[in-house]
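Residues per chain are reported as follows:
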Amino acid sequence: MAAPPPGVPAAGSSVGYGRIVRWIDYRLPFVSFLEHEFVAYPTPKNLNYWWNFGSLAGLVLVIMIVTGVVLAMHYTPHADLAFDSVERIMRDVNYGWLLRYIHMNGASMFFLIVYIHLFRGLYYGSYKYPRELLWILGVVILLLMIATAFMGYVLPWGQMSYWAATVITNLFSAIPLVGDKIVTLLWGGFTVGNPTLNRFYSLHYLLPFIIVAVIGLHLLALHQHGSNNPLGIDTRGPQDTIPFHPYHTIKDSFGLCVALLIFAFLVFYAPNFAASADNYIPANPMVTPNHIVPEWYLLPYYAILRSITFDFLGIPGKLIGVILAFGSILILFFVPWLDTSRVRSARFRPIYRWVSWILPVDVIALGWVGASPPAGIVVTVGQIATFYYFLHFLVLMPLIGKLERPRPLPISIGTAVLEAAGRLGAAGPAEGN
Amino acid sequence: MADLAQSQVTTGHDGGTRRDFLILTAGALGGIGAAITIWPFIDSLNPARDTLALSTTEVDLAPVQVGQRLTVAWRGKPVFIDHRPPEEIKAAQEVDVSSLRDPQPDSARVKKPEWLVMIGVCTHLGCIPLGNKTGDDRGPYGGWFCPCHGSIYDTSGRIRQGPAPLNLIVPPYEFTSDTAIKIG
Amino acid sequence: MARGALAVLVAALGLICAVGAQAQEEAPPAPHQQWPFEGVFGTYDRAALQRGFQVYKEVCSVCHPVKHLYFRDLEELGYSEDQVKGIAAQAQVADGPNDQGEMFQRPARPSDRIPDPFPNDQAARVANNGALPPDLSLITKAREGGPDYAYAILTGFKDAPAGFKMNPNMNYNQYFAGHQIAMPPPLSPDQVKYADGTPATVPQMAHDVVSFLSWAAEPTLDERHRMGFKVFLFLIVATGVFYAAKRKIWSRVH
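Residue numbers (my numbering), protein chains in the order written: chain A, 1 to 433; chain B, 1001 to 1184; chain C, 2001 to 2254.
Honestly, the hints are just simulated from the structure, not real lab data. Among the hints, a few may not be true.
[Unchecked claim] Each computed DSS-like pair below joins lysine-lysine, with the alpha-carbon atoms no more than 27 Å apart:
#, chain 1, residue 1, chain 2, residue 2
1, C, Lys2085, B, Lys1111
2, C, Lys2141, C, Lys2248
3, A, Lys45, C, Lys2248
4, C, Lys2085, B, Lys1077
5, C, Lys2085, B, Lys1182
6, B, Lys1182, B, Lys1112
7, C, Lys2141, C, Lys2158
8, B, Lys1112, B, Lys1090
[Unchecked claim] So the derived label-pair ranges between C-beta atoms look like this:
#, chain 1, residue 1, chain 2, residue 2, range
9, A, Val214, C, Gly2042, 39 to 47 Å
10, B, Trp1039, C, Ala2131, 43 to 51 Å
11, A, Gly216, C, Gly2130, 52 to 60 Å
12, B, Pro1171, C, Asn2169, 49 to 57 Å
13, B, Ala1180, A, Val167, 55 to 63 Å
14, B, Phe1021, C, Ile2236, 18 to 26 Å
Glycine included, every Cβ here is placed at the ideal spot set by N, Cα and C.
Using the sequences and the accompanying hints, generate a full structural model.
Next comes the structure, spelled out in structure tokens:
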């Protein structure tokens, strides 16, 4: 037998455990796979804490799936019974309140973490060659998350559940010719109702596992070329990397503790902070709430949707709004090609460095617009913010990449690390990416 | 820098040659945290408070005449209550206990001899025996008869013939007054 | 990177305040009250909950259901099992069908829900000039402002200002959106005789019944706060330990 792969105990090992592991690994290289991808796997040694958010997102997904599966054991997906079944979970099921609040606030944590993870990618150019597909898979995950969260919110069948479902499914009626037929198909009836609830429940259970599969592809793409790093320059060899274990296992564990502190504060002391009070009123098809507002993580898209208050070139404003709202996510697919800079990390891009920060501020402004009644100054701000959002991707990204003069890049990660430690003089001339 | 590249991983569990207290503590905390977190998930599968609230049933026995049999629901199962007439009690007490498949004297199965309380589920494969409704076939011992596979119970609910291995189960119950019991 | 993050954080906080501020419309925001269950270490005041339940039972339950409460839940207020049985037995619930195929009324048991005052919504409307008294089991979570809002409504009834046009069968309330509420002022001084002798002023009764309703909406709050404290303690220690371990392991690289 050939020498076993790293991580697998060598032949002749007196430990019985070693022999079992070797037997399994020879037939199904599970242990050596883990050793290769999660223990010895080389990671750049200069990663900062913005690189914690990927693994954090994965862990929150696990929490969501586990709480979700257990909640599904107690929930009843029928329009007449759903609301009461959730209250039963909150009052009578052992620790039901805990499971529900974890699941509810976990969704907010998931999006917060993923949005930060996404922005890290934008800032450090992690979407650039050769990681374009890695980025694209990430955007696919974001779309799946949005669909999952939207359907999940409908399940408690509160006022906001029902009316958010009504508003969002009605969007599809903006599609010319077949719009109304599509909406009827989605509803399974003439309004949002029990058939809608049942199919949303089924899909809400299914989609997270599709997300897991896409994350598998995402990690596969990641491991092909390894992580990006804050300098945006390629690793040259073992001198630039450290093994994932123990360095990033412990760092990610520490990051998880901090995230759990925030998560625990929400769950135990402010569980309804991100929630809408209207969702504690059972759904009533005869009464519309004064303000139909989606969850905070969908507010920016909602704002873009509502910002097109005028028709344009014969196209109804409602349709343009729908196109732009979906477009605001779809445009992310094209970022690797919209950004023309030859330099990855914004650290070395003097103009883009501060311009990129306007984007999150713009998105937060859109969030405020989405949460506010669409009147007065809110509408104007929304239109300006929508305009800027697309300007950023379609105009600023291409132009700045072409026009700015990047600062000289360090020779290597190693020299930059030593330089930072003050042991070397200034780095030599830049050597491309 | 080269030695940094060559330096292999020294984990916290490499044969105990370098026991690192901090790393051990971290690992232990992680393990404890995980274990504590698991309990609520498991306990949520245990009966919920509304299920537990229905875990006792109180039955008013006053309307049940001598010779009448009553079926009540308890924890989703039928419970047979028999207000036994003297001939049923006598027949139950005169049986030779050692000849029974599941030996139990009648006195061990009742708190007051005129009241027999049993779970009405055959101990063979779970059917509900006949005998509690007027007109039902009670079998040759005047007790209960299970139509599924022919188990025959006597006036104390003990198995006499047929495939059932055990007597009809007596649930936990107590008399809250002379004319009322609380089951469960 | 840090300065940018700070700017974004400030913007986010601004948004949160803005979202909170725009929640009220024409009515002024409810003034803040002190509630013993507020805050990280808050717990329910059992005595207030019992008084509040008495107010609910004697005043509010005539029109308002609390369908998510069972009689057995009242044991959490400090009543014994027998007291709860007694409270339950005062109510009648529908049961059946009996052997004759008829539905019948029987005294409630602790395992029963607290029964609704009306058989259905339409009957409730007929008895209340077309208005539907909402279920109160979740009311403090179902309204912006929560307990503060509920208290403000109960104590906010006054005469309409001069020139304000009241619709028929409506009552002026300072804190209700639009200022016209179908519910007539439910509380009047000394309406209820508290068992513990506390004077039953309107603010007192309002405070007590809102405490009771807050509990009804969130009965697990005490347990949640207790567990949260332990979880936090554990996580703070764990964060410290993991940070130290991280620094130790990374010292080989730095």
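Results for each hint:
no. : hint                               : verdict
1   : Lys2085/C to Lys1111/B             : holds, 26 Å
2   : Lys2141/C to Lys2248/C             : violated, 47 Å
3   : Lys45/A to Lys2248/C               : holds, 15 Å
4   : Lys2085/C to Lys1077/B             : holds, 25 Å
5   : Lys2085/C to Lys1182/B             : holds, 14 Å
6   : Lys1182/B to Lys1112/B             : holds, 14 Å
7   : Lys2141/C to Lys2158/C             : holds, 25 Å
8   : Lys1112/B to Lys1090/B             : holds, 13 Å
9   : Val214/A to Gly2042/C: 39 to 47 Å  : holds, 42 Å
10  : Trp1039/B to Ala2131/C: 43 to 51 Å : holds, 47 Å
11  : Gly216/A to Gly2130/C: 52 to 60 Å  : holds, 58 Å
12  : Pro1171/B to Asn2169/C: 49 to 57 Å : holds, 56 Å
13  : Ala1180/B to Val167/A: 55 to 63 Å  : holds, 57 Å
14  : Phe1021/B to Ile2236/C: 18 to 26 Å : holds, 19 Å
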